[in-house]
Amino acid sequence: MLLEVRDLHVEFHTRDGVAKAVNGVSYGVDAGETLAVLGESGSGKSVTAQTVMGILDVPPGRITSGEILFEGRDLLKLKEEERRKVRGAEMAMIFQDALSSLNPVLTVGAQLAEMFTVHRGMSRKDAQAKAVELMDRVRIPAARERVKQYPHQFSGGMRQRIMIAMAMALEPKLIIADEPTTALDVTVQAQVMDLLAELQRELNMGLILITHDLGVVADVADKIAVMYAGRIVETAPVHDIYKAPAHPYTRGLLDSIPRLDQKGQELYAIKGLPPNLTRIPPGCAFHPRCPMAQDVCRTDVPPLYEVTESDAERGSACHFWRECLHG
Amino acid sequence: MAEPILEVRGLVKHYPLTSGILFKKQVGAVKAVDGVDFDLARGETLGIVGESGCGKSTVAKMLVNLERPTAGEIRYKGEDITRLSGRALKTVRRNIQMVFQDPYTSLNPRMTVGDIIGEAYDIHPEAAPKGDRRGRVRDLLDVVGLNPEYINRYPHQFSGGQRQRIGIARGLALRPEIIVADEPVSALDVSVQAQVINLMGRLQSEFDLSYIFIAHDLSIVRHISDRVGVMYLGRIVETGRDAEIYDHPTHPYTQALLSAVPVPDPEAREHRERIILAGDVPSPTNIPSGCRFRTRCWKARERCALEVPALAVPAEFRSVSGPAAHDSACHFAEEMRVVPPEDAGPPAPPAPPGSRGSHGPRSARGPHGAHREDGGGA
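Chains W and S, in that order, give the protein sequences. End of the first sequence = 327 in full-length UniProt numbering, gap-free, step of one. End of the second sequence = 378 in full-length UniProt numbering, gap-free, step of one.
Please keep in mind that the hints were generated in silico from the structure rather than gathered at the bench. Treat the hints with care, since some could be wrong.
[Unchecked claim] Covered stretches of chain S (in silico footprint by chain W; criterion: 3 or more residues with CB under 8 Å from a CB of chain W, positions within the stretch not fixed):
#1 89 to 97
#2 212 to 220
#3 263 to 275
Since the structure is predicted, the reported quantities are computational estimates derived from the model, not experimental observations. All residues carry an ideal CB built from backbone N, CA and C; glycine is no exception.
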């Protein structure tokens, strides 16, 4: 396993109390594999990713327990200096909002070249040539001229390509993409996802794709981890989960997608709202919104049960996963 | 179609670009909306889809008179409202209300929910007698599924979905006939989107509302709309009933747009070909001659640079009656099925007789479409 997160707990100290953003998350990704982490805002998907990358703001954040094994080494035990060598060179991140992730007062060429001068000790001239090469590689037209331009002179799709170029620069083993296409239009989204998938294949990288879009997940992922209130509630290979979800939350998300044969009818809607992370309900965090909830759900936190009726490796944090799977 | 409640004809909005400080000279214009026509029938939902910068929000703003059109007419029950002012305008505005995209910035944080919704009655006192207003606001909260006891709370005490319900309640306060909703669910979480869409559907039948529903999410638009218009760079390029647009699109932009939408079905990814458009949308200050889509179109030929295609039923489909016979602004319109039929429905229909070119629907697909020998190059 390239990356393995084990029982990670992260909390934030806020005025309203302790917000438990991540409550025992475990997942893993192999080289060449795509793991999609699916969840709504506040589910802890981005906080987990930031902790893996080592860019979590501490304080207010606090990692209370867990391990992040990258090629067998626990990143949480590394000194900041060693960690910095991993970040960028071994693993890189692509953010949702490229405009605010790029420095507005530096040319994109300077920002790309910095990767090589800092991590590889190249001369500025060589680094600049590398920057042009990278921009070519992510198919930005007229790279030689555009390398001298500033981020605001690029369109949204082009900026996201630059972010991808920057993440790819040192050919890392793992890429974490946090909602990489959410801010883009659909036709541009398709271009960018295509590019990302192609580069991943070429470099045999592991990819963690964080998203809330069930369509994007179905298009590119090998396996999925569904998060709710800081926990993974279901994990499965992509084909299995769409065919037969084993958790009522996943089922609810899939059912609320508008379908052709339901036109004009009411959409299925999960009732209620996601919980406040400072006051996560006892028992199963999803029970107040769950159509299948029983007494046991209000008192006992469900562990991630192994879904034994499947050939693939599947897990569901629902006491009634069997009923859900067949329901 | 029933008597239209709203008719839009030749709607144009150009924002001038000037240079010089003392002697301002107009050097160009941002052509945000560049000739849009459509009708809206009573009780109907018209969906408008398009990517950012296509002018769909500017259209919305002109409909509720937040922007004055550069040219064109907006006829509400036969009367052009772009020329109205004073009391006449106020009366019309009461009947066309708007729901905004972002429930975080469109509600005043210093006002209580009761004041936000009730503010409409200060401007239109005839809509509700003074003593009755709090009661009306409570009823509205109840109608949109919020607890009427929340009337004295502030917006920050609500979640995104609840705030959008407040925005909808405000839109309903004056009992309008038309609601213009600009991306009403795109800021909301997936599990909450369905709740708000259901609410809007219920309110439509309860209050006999007509909706203009603007969004970039094509599956939601299809779910709620009776008819759909597809916009590109300030114009509607294709319009028809929802099944005509989604299952029988004839304009290449619509086809590309539909094929780019990720389908939430991993089984579909193997046998599904996408049309990946080359490049970006051109700047609205410098719109290409002829067909405005030609710079990204894999079918573009010389004619496309010379002649502006009209939004009408293309000649090759005029003689056939069927779902392909709807308005499409393309010189080389042909039918292509890009959304895979659900649950192995009927296979893609063959191109109707008379459609241009010998290639079937399949040959024009895929990223290679842009480089086809016979159609490549703009």
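Evaluated hints:
1. 89 to 97: violated (count 0)
2. 212 to 220: holds (count 4)
3. 263 to 275: holds (count 8)
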